[in-house]
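What follows is each chain in one-letter form.
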Amino acid sequence: MAILPVARPPLALPGFENIKRTWNRTFEAYAARLNPGEYYVTKNDEGIYTTLGSCISACIRDRVSGIGGMNHFMLPASTGEGGWKDAGLSSSTRYGNFAMEHLINEILKNGGSRQNLEVKLFGGGRIIANMTDVGTRNIAFARDYIRIEGLKVTSEDVGDVFPRMVVYFPATGKVRVKRLRSLHNNTIVEQEKTYLNKIEKEPVSGDIELF
Amino acid sequence: MKINLAELVGSVGNLVTLPDVFVRINRLVEDPNSTMADIARVASQDPSFTIRLLRVANSSFYGFSSTIDTVQKAVSIIGTSQIRSLALTTSVASAFEGLPNTLVSMENFWRHSLYCALAARILARQAGKLDPDALFTAALLHDIGELVIFNRIPQQAKEALLLVLDSADELPIYQAERQIMGFDHAQVGGELARQWKLPKMLEECIEYHHDIRSALHFPRETALVHIANVLALMAEVQTLNPDDVSPIDPIAWKIVGLNADEVLQPTVHEVQEEIAEAEKLFLGK
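Chains as they are written, first to last, in our numbering: chain A, 1 to 211; chain B, 212 to 496.
Excised from the complex, chain A in its bound form (with noise of 0.2 Å):
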């Protein structure tokens, strides 16, 4: 028998109202929609899901309170002075710090222990052949974050040529990877390409509120 939904959506934590929720019959429970540069943090036992292209999405959660959330983003094409190298100084990066930063921060800030994080990797596709692989620059960064924080990676599924669909519970850590037919790749595409569009233009300032 099918489970009803529950009429309401479990409360938002502060700063996360905007994100957009609804029910998910196939997980019977409500899911958060992150588009490219949003991220989400909760408590609750619900799920977030994205799509992702050459994007890449982290999800971290407490393993102990299962206080957790996950992020959406990419480094922008400019290299800035330096080369994407250089860690933490060219100002693509930045906006990987940015969303790296911005979802641990919260979920400390919620209770979460940093010794407890767990941190799962998806995303990064070669989805559009003949164009510069992006997706694994995308991987090379959260990779070389996470190392640097001294978190640990305990599942992925990165690179390849296939947009992916995650849907992942902070409160289980439970996750589910579908990988998506080609036939979505432009839209996924060009909603990636809206949000690259934004950030290149955007200023890059610390104080900027990005993702």
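No lab work stands behind these hints: they were computed from the structure.
You may find that some hints are simply not true.
What the hints assert, rightly or not - Within a straight-line C-alpha distance of at most 27 Å, the following computed DSS-like cross-link-like pairs (lysine-lysine) qualify:
1. Lys-20(A) x Lys-340(B)
2. Lys-198(A) x Lys-20(A)
3. Lys-201(A) x Lys-369(B)
4. Lys-109(A) x Lys-193(A)
5. Lys-465(B) x Lys-213(B)
6. Lys-193(A) x Lys-369(B)
7. Lys-369(B) x Lys-198(A)
8. Lys-174(A) x Lys-20(A)
9. Lys-340(B) x Lys-213(B)
10. Lys-152(A) x Lys-109(A)
11. Lys-465(B) x Lys-369(B)
12. Lys-201(A) x Lys-109(A)
Stated by the list, open to error - Far from chain A by the CB rule (all over 12 Å, computed), these chain B residues:
13. Asn-225
14. Pro-230
15. Glu-318
16. Ala-368
17. Ala-371
18. Asp-380
As the list claims (entries may be wrong) - Restraint-style ranges between C-beta atoms, simulated for each label pair:
19. Gln-476(B) x Lys-174(A): 44 to 52 Å
20. Asn-244(B) x Arg-25(A): 54 to 62 Å
21. Gly-221(B) x Asn-18(A): 53 to 61 Å
22. Thr-136(A) x Pro-311(B): 24 to 32 Å
23. Arg-25(A) x Glu-241(B): 42 to 50 Å
24. Gly-309(B) x Asp-133(A): 27 to 35 Å
25. Gly-309(B) x Asn-18(A): 38 to 46 Å
26. Gln-366(B) x Glu-28(A): 29 to 37 Å
27. Ala-471(B) x Lys-174(A): 36 to 44 Å
28. Pro-311(B) x Gln-115(A): 51 to 59 Å
29. Asp-133(A) x Leu-374(B): 26 to 34 Å
Remember, predicted model here, so these are calculated numbers, not experimental data.
All C-beta atoms in this analysis are idealised placements derived from N, C-alpha and C, irrespective of residue type, glycine included.
Given chain A, put chain B in place with the hints provided.
Relative to chain A, chain B alone:
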């Protein structure tokens, strides 16, 4: 504003036309008085088709032991109805170049169709009493309605795609299309097949590949294309887990007369092995 199915398909009449060589061979195959020599003559009047025909006939795709160096030999060895299928399959991708769109690349579109065609051919051989080449053609054409929708009503098509992604890929694309347009790509493809006067078998496979219980004349062929479509998705996203792709109507296996546990995995693997060669042969790569 809602557009109806017949108008939509009518509006592409001048943009996509069936290859002339197919139309003429089709007529001859349907004509009981025609001979193999008639068909060979028509086929050889189209030099680019002759090249494609000999290329496919000599490829590992058919695996004939002797070299096929003339159209006459190709017709007698491959068979007239198979030559008709080939006249369609080797040129259908170029026939649709008149319907460009920004929602899916032609390369990705035809690759999925080809995966499906390869799966259908393999399944048809195993199921028995089916023409593997005809099933190959049916499967290659199963989504042509999508190209019509993407070209003629791109805004609605995009809305449907977004609806699928917003549902976390729970909602199948044809259901999203029905919600937004009132019809789906299978119905559009069926209508196109009717306007083109394609063989009834092709029309039913195209029109009902998401609705196999409605196929009245060719239920087995239609159910087979339905299965092949899902196996094509599995081959494309490299999975054998049914949860990763759209569901196969359980009755489809019964109608076709195959056992999922026995054929699913080997078919997906075989398709993955054949795709590169098939892309070269049929998509001119």
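Hint-by-hint comparison with the structure:
no., hint, verdict
1, Lys-20(A) x Lys-340(B), "52 Å, violated"
2, Lys-198(A) x Lys-20(A), "20 Å, holds"
3, Lys-201(A) x Lys-369(B), "26 Å, holds"
4, Lys-109(A) x Lys-193(A), "32 Å, violated"
5, Lys-465(B) x Lys-213(B), "38 Å, violated"
6, Lys-193(A) x Lys-369(B), "16 Å, holds"
7, Lys-369(B) x Lys-198(A), "21 Å, holds"
8, Lys-174(A) x Lys-20(A), "21 Å, holds"
9, Lys-340(B) x Lys-213(B), "42 Å, violated"
10, Lys-152(A) x Lys-109(A), "20 Å, holds"
11, Lys-465(B) x Lys-369(B), "35 Å, violated"
12, Lys-201(A) x Lys-109(A), "30 Å, violated"
13, Asn-225, "26 Å, holds"
14, Pro-230, "25 Å, holds"
15, Glu-318, "7 Å, violated"
16, Ala-368, "10 Å, violated"
17, Ala-371, "10 Å, violated"
18, Asp-380, "5 Å, violated"
19, Gln-476(B) x Lys-174(A): 44 to 52 Å, "26 Å, violated"
20, Asn-244(B) x Arg-25(A): 54 to 62 Å, "58 Å, holds"
21, Gly-221(B) x Asn-18(A): 53 to 61 Å, "45 Å, violated"
22, Thr-136(A) x Pro-311(B): 24 to 32 Å, "30 Å, holds"
23, Arg-25(A) x Glu-241(B): 42 to 50 Å, "48 Å, holds"
24, Gly-309(B) x Asp-133(A): 27 to 35 Å, "33 Å, holds"
25, Gly-309(B) x Asn-18(A): 38 to 46 Å, "44 Å, holds"
26, Gln-366(B) x Glu-28(A): 29 to 37 Å, "33 Å, holds"
27, Ala-471(B) x Lys-174(A): 36 to 44 Å, "27 Å, violated"
28, Pro-311(B) x Gln-115(A): 51 to 59 Å, "55 Å, holds"
29, Asp-133(A) x Leu-374(B): 26 to 34 Å, "30 Å, holds"
Checked against the numbered hints given earlier, this structure breaks hints 1, 4, 5, 9, 11, 12, 15, 16, 17, 18, 19, 21 and 27; the rest are met.
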